[in-house]
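Chemist: Produce the entire structure from the sequences given, and follow the hints as far as they go.
There are 2 protein chains.
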Amino acid sequence: MLYGQDERTAAIYAPVQAELERVEAKLKGLASEATTATEDLRPLLDYVAETGGKRIRPALTLLASHSYPHDSDKLVLMASAVELLHLATLIHDDTVDDSSTRRGRATVSNVWGHHVSVLFGDYVFATSATFVCDTESLRIMRRFSETIMELASGELIEYFGAYDPNQARHLYDDRIYRKTASLFCTAGESGAVLAGAPEEEVQAMKRYAYNIGMAFQIGDDLLDFEGEESNMGKPVGSDLRNGVLTLPTILLMERYPEDNPVAAFFRDKDNPDKLQRVLDMINDSSIMQDSRDVVRNYCNRACAELEILPQGEARDSLAALAEYVPDRQR
Amino acid sequence: MLYGQDERTAAIYAPVQAELERVEAKLKGLASEATTATEDLRPLLDYVAETGGKRIRPALTLLASHSYPHDSDKLVLMASAVELLHLATLIHDDTVDDSSTRRGRATVSNVWGHHVSVLFGDYVFATSATFVCDTESLRIMRRFSETIMELASGELIEYFGAYDPNQARHLYDDRIYRKTASLFCTAGESGAVLAGAPEEEVQAMKRYAYNIGMAFQIGDDLLDFEGEESNMGKPVGSDLRNGVLTLPTILLMERYPEDNPVAAFFRDKDNPDKLQRVLDMINDSSIMQDSRDVVRNYCNRACAELEILPQGEARDSLAALAEYVPDRQR
Numbered sequence: 004m005l006y007g008q009d010e011r012t013a014a015i016y017a018p019v020q021a022e023l024e025r026v027e028a029k030l031k032g033l034a035s036e037a038t039t040a041t042e043d044l045r046p047l048l049d050y051v052a053e054t055g056g057k058r059i060r061p062a063l064t065l066l067a068s069h070s071y072p073h074d075s076d077k078l079v080l081m082a083s084a085v086e087l088l089h090l091a092t093l094i095h096d097d098t099v100d101d102s103s104t105r106r107g108r109a110t111v112s113n114v115w116g117h118h119v120s121v122l123f124g125d126y127v128f129a130t131s132a133t134f135v136c137d138t139e140s141l142r143i144m145r146r147f148s149e150t151i152m153e154l155a156s157g158e159l160i161e162y163f164g165a166y167d168p169n170q171a172r173h174l175y176d177d178r179i180y181r182k183t184a185s186l187f188c189t190a191g192e193s194g195a196v197l198a199g200a201p202e203e204e205v206q207a208m209k210r211y212a213y214n215i216g217m218a219f220q221i222g223d224d225l226l227d228f229e230g231e232e233s234n235m236g237k238p239v240g241s242d243l244r245n246g247v248l249t250l251p252t253i254l255l256m257e258r259y260p261e262d263n264p265v266a267a268f269f270r271d272k273d274n275p276d277k278l279q280r281v282l283d284m285i286n287d288s289s290i291m292q293d294s295r296d297v298v299r300n301y302c303n304r305a306c307a308e309l310e311i312l313p314q315g316e317a318r319d320s321l322a323a324l325a326e327y328v329p330d331r332q333r
Numbered sequence: 004m005l006y007g008q009d010e011r012t013a014a015i016y017a018p019v020q021a022e023l024e025r026v027e028a029k030l031k032g033l034a035s036e037a038t039t040a041t042e043d044l045r046p047l048l049d050y051v052a053e054t055g056g057k058r059i060r061p062a063l064t065l066l067a068s069h070s071y072p073h074d075s076d077k078l079v080l081m082a083s084a085v086e087l088l089h090l091a092t093l094i095h096d097d098t099v100d101d102s103s104t105r106r107g108r109a110t111v112s113n114v115w116g117h118h119v120s121v122l123f124g125d126y127v128f129a130t131s132a133t134f135v136c137d138t139e140s141l142r143i144m145r146r147f148s149e150t151i152m153e154l155a156s157g158e159l160i161e162y163f164g165a166y167d168p169n170q171a172r173h174l175y176d177d178r179i180y181r182k183t184a185s186l187f188c189t190a191g192e193s194g195a196v197l198a199g200a201p202e203e204e205v206q207a208m209k210r211y212a213y214n215i216g217m218a219f220q221i222g223d224d225l226l227d228f229e230g231e232e233s234n235m236g237k238p239v240g241s242d243l244r245n246g247v248l249t250l251p252t253i254l255l256m257e258r259y260p261e262d263n264p265v266a267a268f269f270r271d272k273d274n275p276d277k278l279q280r281v282l283d284m285i286n287d288s289s290i291m292q293d294s295r296d297v298v299r300n301y302c303n304r305a306c307a308e309l310e311i312l313p314q315g316e317a318r319d320s321l322a323a324l325a326e327y328v329p330d331r332q333r
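Chains as they are written, first to last, in our numbering: chain A, 4 to 333; chain B, 4 to 333.
Please note: incorrect hints may appear among the correct ones.
Copies of the same chain look alike in the list, so a pair counts if it fits in one copy or across any two.
Here are the simulated SDA-like cross-link-like pairs (lysine to any residue), alpha carbons at most 20 Å apart as the crow flies [to be verified]:
1) K29 <-> R145
2) K77 <-> S140
3) K77 <-> R145
4) K31 <-> D137
5) K29 <-> E149
6) K31 <-> Q20
7) K77 <-> R146
8) K57 <-> Q20
9) K77 <-> R142
10) K272 <-> E203
11) K31 <-> D287
12) K31 <-> A323
13) K29 <-> K77
14) K277 <-> V114
15) K272 <-> R299
16) K31 <-> G240
17) K77 <-> N169
18) K57 <-> H173
Think of the hints as simulated: they come from the structure by calculation, not from any bench.
Modeler: Pasting the structure below:
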């Protein structure tokens, strides 16, 4: 089992386990490719390769390719690029949020400072792009660049919209598409495209990945309300405290368009009673259950997209992944 | 004359003036392409498009293409990508250096804060990459990604090496290649490649651009010692104060390997007398003149590379650009 995997993900990833290990080796090998001139970057590259995580994005790329005869080297490159892009966004996100730890480990900006973390994040973004270039697919290269635009704009839109109670549901959907589902789409689409899947199946894979990505981010947003402080490493309701609306608070606002408790908190954000009132109203309603239903609906839609794909263990794993997402913990 | 050009650059750019204006329009048009979802980015995109500057990099791309029959739309895209990449690096450089102004104008990080400037820089990097994708050249796309790695690693190497007096000349050369000449090379190479120049001429153009880029950066480093505070917007010897060795200080260290005045300042960097001693020793020697000779040598080597290119106004302009670089002011 790779670092960061649990037994259930290990079973889901089984058809692509060998290639996932090559992705891991590729990430760990980045530091050894540093030249004398860039040897200062070696500790940073080593640190990033050891970030861990469930590697769901590269697994998605590999699983999306496995129903077709494919060039394993190209797919390993692409899966590595997808994970490296994700790691680059974490470096910058932690920098701008001034986060000291992520999953109990010091962030790059905490260890090396903001000066280094901004520039090193750029370096990792660009490294991921060189991997995509080596797949020799212009289509995927363009999609990859657009994904970086979507990731950055998603974070910017969230920042600009903080403490603004006038955010309808469709703006939330757009924001989490940019922040998360965009890269899932690229992970799935690139796997299918590079394996030469018929266009209809590429599009189905992209829609599958979109739905999984949306479910994944909403699930993450729900953990922010459900988690215990010791598990999460941050207080319950962190997003709300930071003025970020997610599905539960948006559903609450839809239900109380008058006397809106979220707007009341945003107007008086240093008042813990106002925050507690929002949390209590969510807990005393069906909102968390309704939100979990939304996650499950996305996963069901994802599964439905798999029907036109060739039958086999890769498709079974993708279906199992859709079952896993609603249950997963961080 | 475009904003940022003087009469001399306007004359040099004359053969590509129409295309440079289309580059300008492309940069200014970025904001209007923003959708409802990304409308928060519009003021940022407008601000960046109005950064100004001499546009030497896009001019280089266009001039490199003009000796050959070329697809003007593709070249305008590529030239825009090159300038946009340069603007993206300025956004992040100003963020990590905490610079409040650049050429008398507030930096993005000053106006919008670090949170926005880091993420918006990412957005601009990625936007430039989409332009390159639209040229449909995998070769240039890969070179472009490598350039971003070189730009970022150049800045990181400079940061890690600050206040280290043990930096030989070849490390300085490598550092300024990464920081500046790399993107010049890409500007020149991409113009020639996209215009279908024979490979031998592509390589000559790349070497021309390398030499111009090295001359450009050393010239910049010399201005740091020559400039008056009112012109430069920063005190004389800023690089040295920040522990960054450039050609004059490296030449000084080569001449005084014992009793090294730079090392003495780095050991005692809050002592203005130690700083002044370095500045005086540079001014009382032939070092500035020797450094200017180095710049001129690079420009001469650049000119020599032009000999195998087709004769014509584009080649004449490239030669004139090599004459201009040693004389230019910021």
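Chemist: Evaluate each hint against the coordinates.
Modeler: To see whether the hints hold, each was checked on the structure:
1. K29 <-> R145: between (23 Å within a copy, 18 Å between copies)
2. K77 <-> S140: both (10 Å within a copy, 19 Å between copies)
3. K77 <-> R145: both (17 Å within a copy, 15 Å between copies)
4. K31 <-> D137: within (18 Å within a copy, 32 Å between copies)
5. K29 <-> E149: between (24 Å within a copy, 18 Å between copies)
6. K31 <-> Q20: Classified as within: same-chain Cα gap 16 Å, cross-chain 48 Å, threshold 20 Å.
7. K77 <-> R146: Both: 16 Å inside a chain and 19 Å across chains, each within 20 Å.
8. K57 <-> Q20: within (12 Å within a copy, 52 Å between copies)
9. K77 <-> R142: both (14 Å within a copy, 17 Å between copies)
10. K272 <-> E203: neither (49 Å within a copy, 65 Å between copies)
11. K31 <-> D287: Neither: 47 Å inside a chain and 51 Å across chains, both beyond 20 Å.
12. K31 <-> A323: neither (28 Å within a copy, 48 Å between copies)
13. K29 <-> K77: within (12 Å within a copy, 34 Å between copies)
14. K277 <-> V114: Answer is neither; intra-copy 36 Å and inter-copy 32 Å both fail.
15. K272 <-> R299: neither (32 Å within a copy, 61 Å between copies)
16. K31 <-> G240: For K31 and G240, the Cα distance exceeds 20 Å both inside one copy (35 Å) and across copies (41 Å).
17. K77 <-> N169: neither (45 Å within a copy, 42 Å between copies)
18. K57 <-> H173: neither (29 Å within a copy, 43 Å between copies)
Violated hints for the displayed structure, listed by number in ascending order: 10, 11, 12, 14, 15, 16, 17, 18.
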